[in-house]
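Work the whole structure out from these sequences, hints included.
To convert, take the position in the sequence shown, counting from 1, and add 50; that gives this note's numbering.
Read the hints as simulated data drawn from the structure, not as lab findings.
Built from N, CA and C at the ideal position, the CB exists for glycine as well.
Among the hints, erroneous ones may be present.
[Said to hold, decoys possible] Distance ranges between label pairs, derived from CB positions:
no.: 1; residue 1: Tyr97; residue 2: Lys195; range: 53 to 59 Å
no.: 2; residue 1: Gly132; residue 2: Asn56; range: 23 to 29 Å
no.: 3; residue 1: Glu70; residue 2: Lys153; range: 38 to 44 Å
no.: 4; residue 1: Asn56; residue 2: Leu187; range: 53 to 59 Å
no.: 5; residue 1: Glu70; residue 2: Pro130; range: 31 to 37 Å
no.: 6; residue 1: Pro60; residue 2: Asp133; range: 20 to 26 Å
no.: 7; residue 1: Asn113; residue 2: Lys153; range: 52 to 58 Å
[Stated by the list, open to error] Straight line, CA to CA, 30 Å or less: simulated DSSO-like cross-link-like pairs of lysine-lysine:
no.: 8; residue 1: Lys152; residue 2: Lys121
no.: 9; residue 1: Lys152; residue 2: Lys106
no.: 10; residue 1: Lys121; residue 2: Lys106
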Amino acid sequence: MNVDINRLFPEAARRAEILEGLKRSWASVVGVTLARNSQPYNLGVNYLDVATRNDKVAGILRNMKGTIQRKLSERYGYKPDGDFSLKVTKEVPRKRTLTPRKKITRSVKVDDEDVKKYMQGSPETLPEEINYSLSHLRAYLEKRKGR
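See the structure below:
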């Protein structure tokens, strides 16, 4: 079953397209110098997130909020639902990745006395190597369970 994201979330898909176009034309929106030191990375319903390299560029971009909003509206037809805000950050936040859980292995030491105890209760027709292996396994599992 193919899911068409554009049909399920048309506004979000439209904002993603606008953001891609904005990234390509960022220099014509804010100027070449500012574009070299900043990058838009997220376009929401009422906001635009921009990463900058330094505080001076961040301040200039904050003062250009109205210009950026006007150009978004003129070029891409982006109209916020409420008050538009420009969020300026130092760098693009990294996506959180889940680290796999570490498997904890307990070291269980099996006493030879426990193995011998289990070996004594086994059938006499059982070969000794198999008897030892099965008895060792049983002693290990019992100790592991904490019995």
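Against the structure, the hints come out as follows:
no. : hint                        : in the structure
1   : Tyr97 / Lys195: 53 to 59 Å  : 55 Å, holds
2   : Gly132 / Asn56: 23 to 29 Å  : 24 Å, holds
3   : Glu70 / Lys153: 38 to 44 Å  : 41 Å, holds
4   : Asn56 / Leu187: 53 to 59 Å  : 57 Å, holds
5   : Glu70 / Pro130: 31 to 37 Å  : 18 Å, violated
6   : Pro60 / Asp133: 20 to 26 Å  : 23 Å, holds
7   : Asn113 / Lys153: 52 to 58 Å : 53 Å, holds
8   : Lys152 / Lys121             : 49 Å, violated
9   : Lys152 / Lys106             : 44 Å, violated
10  : Lys121 / Lys106             : 22 Å, holds
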